[in-house]
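S.K.: Position one of the sequence shown corresponds to residue -14 (my numbering), numbered consecutively onward.
No lab work stands behind these hints, which were simulated from the structure alone. Some clues are possibly wrong.
[As the list claims (entries may be wrong)] Each pair of labels, with its calculated beta carbon distance range: (1) K22 x R111: 26 to 34 angstroms; (2) R111 x A1: 31 to 39 angstroms; (3) G69 x R93: 16 to 24 angstroms; (4) L(-2) x L96: 31 to 39 angstroms; (5) A101 x K21: 17 to 25 angstroms.
[Claimed, not checked] Simulated pairs of lysine-lysine, BS3-like, Cα-Cα distance not exceeding 27 angstroms: (6) K55 x K68; (7) K68 x K24; (8) K21 x K68; (9) K21 x K55; (10) K9 x K55; (11) K22 x K88; (12) K88 x K24; (13) K28 x K55.
Computed from a predicted structure; not experimentally measured. All C-beta atoms in this analysis are idealised placements derived from N, C-alpha and C, irrespective of residue type, glycine included.
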Amino acid sequence: MAIHVLVIEDDQLSSAFVASYLEKAGMTVTIAHTEKKAKSLLKPNDFHLIVLDILLPDGDGLSLCQEICKSDQRVGIVMLSVKGEQSDRIAGLELGADDYIAKPYHPRELLMRLQAIHRRINFIMRTQCCQRKSTRSAM
-14 MAIHVLVIED DQLSSAFVAS YLEKAGMTVT IAHTEKKAKS LLKPNDFHLI VLDILLPDGD
46 GLSLCQEICK SDQRVGIVML SVKGEQSDRI AGLELGADDY IAKPYHPREL LMRLQAIHRR
106 INFIMRTQCC QRKSTRSAM
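Whole structure, please, built from the sequences with the hints as guidance.
M.R.: What follows is the structure in structure tokens.
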């Protein structure tokens, strides 16, 4: 099954570039240009990873990150923003992002970071599943 990524980015050129690069790497990509659209996509879909910009036309990516993290601990989030000051990066990580990349960036670095987060989440989920199975069989 392909890794499903939600790209939340208001800049249409940037989102198309990210989507194209990730799709060439075998990922499935869905794009949302607004917070409202992202929220409507999050409920019915099961995304593995999210690439999230901070500056959205109808909301704040940091608040959206926090909201997503409270509702779904299985999704990995990479903040991707022109706001690259240390305080911005720290705020993103404190609110639940798994990583923070400041623009400009190299698309291969984004891909590698997304793959690393996906591997870690899969490992944790498999470990938790195995622990539950061994606990049940011990009863």
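S.K.: Hint by hint, say whether it matches the structure.
M.R.: Hints and how they fare:
1. K22 x R111: 26 to 34 angstroms: Once the Cβ atoms are compared, 32 angstroms apart, the range 26 to 34 angstroms for R111 and K22 holds.
2. R111 x A1: 31 to 39 angstroms: holds, 34 angstroms
3. G69 x R93: 16 to 24 angstroms: holds, 18 angstroms
4. L(-2) x L96: 31 to 39 angstroms: 18 angstroms Cβ-Cβ, so the 31 to 39 angstroms window is violated.
5. A101 x K21: 17 to 25 angstroms: The hinted range 17 to 25 angstroms is violated for A101 and K21, with Cβ atoms some 30 angstroms apart.
6. K55 x K68: Holds, at roughly 23 angstroms.
7. K68 x K24: Satisfied, since the Cα-Cα distance of roughly 22 angstroms is no more than 27 angstroms.
8. K21 x K68: holds, 21 angstroms
9. K21 x K55: holds, 17 angstroms
10. K9 x K55: violated, 31 angstroms
11. K22 x K88: holds, 23 angstroms
12. K88 x K24: holds, 24 angstroms
13. K28 x K55: holds, 13 angstroms
Comparing the model with each earlier hint shows violations of hints 4, 5, 10; every other hint is respected.
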